[in-house]
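> Residue numbering for the sequence shown follows this note's numbering, beginning at 887 and increasing consecutively.
Quick caveat, the hints were computed from the structure, so don't treat them as lab data. It should be emphasised that the depicted structure is a prediction, and the values quoted were computed from it without experimental measurement. Note that CB positions come from ideal geometry on N, CA and C, so glycine has one too. Honestly, I wouldn't trust all of these hints.
[What the hints assert, rightly or not] Simulated crosslink set (DSSO-like; lysine-lysine; CA at most 27 Å straight-line):
#1 947 with 912
#2 1087 with 957
#3 918 with 951
#4 1070 with 1087
[Stated by the list, open to error] Pair ranges (Cβ atoms, derived):
#5 1060 with 910: 30 to 40 Å
#6 1096 with 925: 27 to 37 Å
#7 974 with 1101: 13 to 23 Å
#8 1096 with 1044: 42 to 52 Å
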Amino acid sequence: MKKLTNLLLVFLFVSNGVFAQTGTIKGIVKDKETGDPIWNASVYVEIGGNLIGDAADFDGKYTIKPLNSGKYMVITKIQGYAPVKTQNVEVTSDKITYVNVDLEATAELLPEFKVEVFEEDLIIIDEPTVKMISPELISRDPNKHNPINIVGNLPEVTLAPNGRDVYVRGSRPEATQFITDGMKSITGDIGIPGQAIGSIKVYTGGVPAKYGDLTGGVIVVETKSYFDLAQEFK
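Given only the sequences and the hints, what does the whole structure look like? Please build it.
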């Protein structure tokens, strides 16, 4: 019965994630040897049999959007270069994930794909006051069944004695806002099982204006999409 309840909770929050805001993948495609940008390289992801992508411009820059929160494989190819598959690219709402690709020139007509694994830092370089918690980190953490404890272990974040609220940089718990799939949390905590979470983004400073004038922080939770769940059960 408990297992069935947990499964229902997962599907409930997955369905809510369908309406979440979208993210973007951007990057630059370059020649690995010369460092020159590669114009017109095809860069795309595959979603349910459909391709969403872009062609690199004269500066080698590309943009793929809109993308639901989740994990993607970015494929980059152009004639005369060995194609590259970049795995495990994590996309979250309202965030740009940068994936730069270096292609190796080849004389082969049908070269094999080069597979790379994308790794993202916990702290986002262009947003140093934002901490990112990926599904992989959640699954490996002993507190995965109670994600608020994972948040409480981050720098500048302290878990309140009631085990539900958090203090960000010493501010009052009421000064911290919880956002789940674009909606403010009514209970004031995460309240979602770890297996249903796609990502957690924690602002400990420099809070974007769209979240209001806060003296604490913001905890943004994105639940897993249908595509994430389908991938897990393959």
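> Which numbered conditions among the earlier hints are violated in the structure presented, ordered from lowest to highest?
7, 8
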